[in-house]
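So you can see what is in the structure, the chains are spelled out below.
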Amino acid sequence: SNELTQPPSVSVSPGQTASISCSGDKLGSRYVSWYRQRPGQSPVLVIHQDRKRPSGVPERLSGSNSGNTATLTISETQDVDEGDYYCQAWDSNGGVFGGGTKLTVL
Amino acid sequence: QVQLRESGPGLVKTSETLSLTCTVSGGSISTSYWSWIRQPPGEGLGWIGYISYSGSTNYNPSLRGRVTISLDTSKNNFFLTLTSVTASDTAVYYCARHKGYGQTTDAFDIWGQGTLVTVSS
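Going down the list, the protein sequences come from chains A and B. Residue numbers for the first sequence, in the numbering used here: 635 to 740. Residue numbers for the second sequence, in the numbering used here: 9 to 129.
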């Protein structure tokens with residue numbers, strides 16, 4: 635299967651570290667991108683090629699990818715980090731998105 | 009900076025054809041790859057397909073046969089056509105620019121604001 639699986643929700647306290655996983659068959663052999671979507675807004679690219687940050691994305695956000703799991707890590711979590719996060723990769727059929735993870739900062 | 013804007017009918021009747029336009033401003037359509045992505049209400053993102061600056065295309069197999077993506081370089085626009093629509097095609101439709109050139113490293117680095125298309129009889 636080329637599906638990407640994410641936990642539906644992750645909760646974190648302000649200032650703590652949040653980790654969002656994305657699992658797929660041999661995902662570590664593919665490049666993964668991550669997007670944040672706030673309510674009513676378009677998605678925004680926050681990580682590409684597993685671990686690269688676009689200009690303007692804070693260093694608090696980092697990515698890794700190995701084996702069957704990619705992980706987005708957000709350190710020193712702030713209220714502005716709340717939103718839905720989607721992983722994305724490419725397979726033989728084209729673009730694939732994970733189901734999304736709602737990050738709540740309690 | 010490059011900006012994208014989707015436009016088209018907000019309501020399409022069941023079994024008819026959905027047609028959307030993505031207008032690219034602040035840059036040339038002839039230098040990148042471009043995708044359409046959709047999001048049903050309350051659900052996640054789904055990739056529809058992409059077109060290159062030269063017109064080559066790649067579509068989601070689940071939509072192949074119903075979807076066509078084309079471009080007009082003279083107007084800096086690209087287009088989505090989806091035939092025989094049903095209620096399950098109701099979604100916010102986004103156009104997006106590739107950070108890359110149709111490779112497995114590609115990411116979607118610029119998105120339009122999205123346009124809601126409702127399919128109803």
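Don't take each hint at face value.
To be verified - Below, simulated BS3-like cross-link-like pairs (lysine-lysine); rule was C-alpha separation at most 25 Å, straight line:
| no. | chain 1 | residue 1 | chain 2 | residue 2 |
| --- | --- | --- | --- | --- |
| 1 | B | Lys107 | B | Lys83 |
| 2 | A | Lys686 | A | Lys660 |
| 3 | B | Lys107 | A | Lys686 |
| 4 | A | Lys686 | A | Lys736 |
| 5 | B | Lys107 | A | Lys660 |
Said to hold, decoys possible - Derived list of chain B stretches under chain A, where covered just means 3 residues or more per stretch with a C-beta under 8 Å from a C-beta of chain A:
| no. | stretch |
| --- | --- |
| 6 | 72-79 |
| 7 | 82-96 |
| 8 | 116-122 |
Hints listed in this document are in silico derivations from the structure and should not be mistaken for laboratory results. Cβ coordinates follow ideal geometry from the N, Cα and C atoms, glycine included.
Here's how the hints hold up against the structure:
Proposed proximity of Lys107/B and Lys83/B is supported: the alpha carbons are some 21 Å apart, at most 25 Å. At most 25 Å may separate the alpha-carbon atoms for a hinted pair to count; Lys686/A and Lys660/A meet this at roughly 20 Å. With a C-alpha separation of about 12 Å, the suggested pair Lys107/B and Lys686/A falls inside the 25 Å cut-off, and the hint holds. Taking the CA atoms of Lys686/A and Lys736/A, the gap is about 22 Å. The hint holds against a cut of 25 Å.
A threshold of 25 Å between alpha carbons decides the hint, and for Lys107/B with Lys660/A the separation of about 23 Å falls inside it, so the pair holds. Counting residues of the stretch 72-79 of chain B whose CB falls under 8 Å from any CB of chain A gives 0; the rule of at least 3 is not met. Check on the stretch 82-96 of chain B: 0 of its residues sit with their Cβ under 8 Å from a Cβ of chain A, so the three-residue criterion for coverage is violated. Coverage of a stretch by a chain is defined here by at least three residues with a beta carbon nearer than 8 Å to that chain's beta carbons; for the stretch 116-122 of chain B and chain A the count is 6, and the condition holds.
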